[in-house]
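Guided by the hints, dock chain F onto chain C, whose structure is given.
Number of protein chains: 2
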Amino acid sequence: MPRIDGARVVADLKRLAEFGRYKTGVHRPTYSPQDMQSRHWLADRLAAAGLTSEIDGVGSVIGRAAGSGPHLLLGSHIETQPHAGWLDGALGVIFGLEVARALGRNIDVAAWADEEGHFDNFVGSRSFVGMLSEANIDRARNRYDGTPLRDALQGAGLAGLPRARVDPARYRGYLEAHIEQGDELDTSGKRLGVVTSIVAIYQYRIRFHGVQNHAGTTRMAIRKDAGLALVRLAAAIDRRFPEVAGPRSVWTTGRIALEPGAPSIVPGAAEMLFQFRDADPARLAAMHRALEQLVADANTGPCKVELQTMSQSTPKVMDAAFQDALAAAAEARAPGNWVRMPSGAGHDAQVLAEKMPAGMLFVPSIGGISHHWSEDTREDDIVLGCQVLADAAAAILAS
Amino acid sequence: MPRIDGARVVADLKRLAEFGRYKTGVHRPTYSPQDMQSRHWLADRLAAAGLTSEIDGVGSVIGRAAGSGPHLLLGSHIETQPHAGWLDGALGVIFGLEVARALGRNIDVAAWADEEGHFDNFVGSRSFVGMLSEANIDRARNRYDGTPLRDALQGAGLAGLPRARVDPARYRGYLEAHIEQGDELDTSGKRLGVVTSIVAIYQYRIRFHGVQNHAGTTRMAIRKDAGLALVRLAAAIDRRFPEVAGPRSVWTTGRIALEPGAPSIVPGAAEMLFQFRDADPARLAAMHRALEQLVADANTGPCKVELQTMSQSTPKVMDAAFQDALAAAAEARAPGNWVRMPSGAGHDAQVLAEKMPAGMLFVPSIGGISHHWSEDTREDDIVLGCQVLADAAAAILAS
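Read top to bottom, the protein sequences are chains C and F. Per the working numbering, residue 1 is the first one in the first sequence, and the count goes up by one each step. Per the working numbering, residue 1 is the first one in the second sequence, and the count goes up by one each step.
Same shape as in the complex, but just chain C:
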């Protein structure tokens, strides 16, 4: 059995957290100076572990082991959300580094660029599996300040470097460790989560078309208030969705805008962004039908309601053999203290799963907090997670 060095894992995570430190967390947006420093530091650590390391044309850091035979690819991402936590994706990358050191062979390690979507979704992993075109790169802009991705790559010294591409024949598959980000492990007292699937996201833009009018002179009876139509639909969703949702379903209205948005004007148009997530295709379909029915009901009112489907992904099921390997390792190191669970958040593993078997392992998030500088995980859970990942990797390579 491989033996990881827990103190070294924690020390590496703490060293990495110094790049862009913010309170007890990290502010390290993709391609920022702090982010690029952390990538070069990681490339050096991978080289010191005996891997051939490179930073590719979109900033992904990839370390490749020498030797023949099938390899496992381990990784996650190291940039962070603004003013976010010190672990998040960094945990999975440092776990990969430590497992490569512990096994000493056949482990490649990747830190995929911009999983956090500062410029686009899953830039590094999509590029690696061939799902990110040059046109995608041309179009992408920073979501906060509008900087073109091309300019950011140039500024980070990445322009002109080759983009790494997957050789599927090289790999048995991909393993990713991550903090849970929810509170299921923390609340139940479990120490490890073996991910069964990554949930699908159904995302909608709902537009309401009414008639803009004077809020003082327009009688209630003749109004076509687009904002009120929105409130009524959102409230109807709030009443209806608990009846059609599953125990792990989540649904969220993240943005609402009334137009023109002035206190004395009856809104003539309105818009909301609505999404729901689940791992079960039948449940997703039922929620979609419920939403369509609620919109149809809303359309009998004074305003026209338009349901635009922005995206409907499919749940990404994790490889059964990988799940079993992770579960066996978890049971051996923490008997009865682990659980199988879906991931409510998206991860690079769902992209890699397009090309190879993939598996994921969660460690607990204290209080379920993530994407905030106070995010944290107990040190003994970190060490346990890394050991279980190493055990599972060894078992998969030996099988």
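These are calculated hints, taken from the structure and not from any lab test. Misleading hints may appear alongside valid ones.
Treat identical chains as interchangeable: a pair holds within one or across any two.
With a Cα cut of at most 25 Å, we get these calculated DSS-like pairs of lysine-lysine [as the list claims (entries may be wrong)]:
id, residue 1, residue 2
1, K23, K355
2, K224, K190
3, K304, K224
Just so it is clear, the structure is predicted and the values come from calculations on it, not from any experiment.
Showing chain F alone in chain C's frame:
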């Protein structure tokens, strides 16, 4: 009895509508070049009618009649909302000009600057009655582009000009004609509205404090979704207010914002602007109590809800004798075809009413449309309205 020249009234209104013409309406924001051209044109028309005209330090155009004895002040405003109608306040100003011509004496005419609030509420009329300080002017900025009012006055050539101030001893009172802006006259087939009072506006900012979190990993049961708390309160208002409101009450949620407003983030904070209007103080108090109760109920939920009262005006009752003079003139010219009614919109008359008796006369808005370029009134209604205003002014001066 005075005799107005209906063709001249319509011709003047059409000439005025050429400044900033937009489709069949007008785009003439306060202090824009088109707006200033229209003010100079109006000052010339007032002078041609025998009045001493000036444009004061905030852009109000004021024409004063020669002669002794008590005067009546007639007016409204001539700037417009963006891409708005050709009549709105311009109607009342041109009516004043025509009544001054028809009576030939004791009629002063004013076009109050920025009633439409491009920079501040009722800039011209508040300045005239002494309710606009230099500090108010220093602070005011254009609501669309942030231009300081001081800069706009400088650019319009008004900086350094004296601000006109009311001499209450000069006036019997103030009369203002305006389009109704609602559909009550148009729907009922009445041709004139004698305004009983200008409704009060109660305006609120309601803040919701929750916990921002990941929309994929945060279970529904533990969320503190500020956006959802807002939707629930807005829906509760929608259910409750018809029970406490009067037949003419109106209530409006004009703006909603969720923070941070991203599709995959459970909103940590949210805000809505809510207002209601009525002419009856007891009704206003009942609606305020109902809102407070709904907010108290909302505060039993997972988010903290904070009700901030932004403003609570008082209904401005129009002078009883002026109402009777307008009613008698309306009955004489259009027997049975007029109605007493409150104004749901604010008008300069409510500001002038602080210093002198005030009265208002409405003409119908076709389809109830206002603040839109398609706003319109039938020509015979325009001519009738001007004649009734002249009759009432003559009767008041003779009484």
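Consistency of the hints with the structure:
1. In this homomeric assembly, K23 and K355 never come within 25 Å of each other (Cα to Cα): the closest approach is 39 Å inside a single copy and 58 Å across copies.
2. Taking the shortest Cα distances, K224 and K190 sit within 25 Å of each other only across copies (24 Å), while inside one copy they are farther apart (52 Å).
3. For the homomeric pair K304 and K224, the shortest alpha-carbon distance inside one copy (9 Å) is at most 25 Å, but the shortest distance between copies (31 Å) is not.
Checked against the numbered hints listed earlier, the structure breaks hint 1 alone; every other hint is satisfied.
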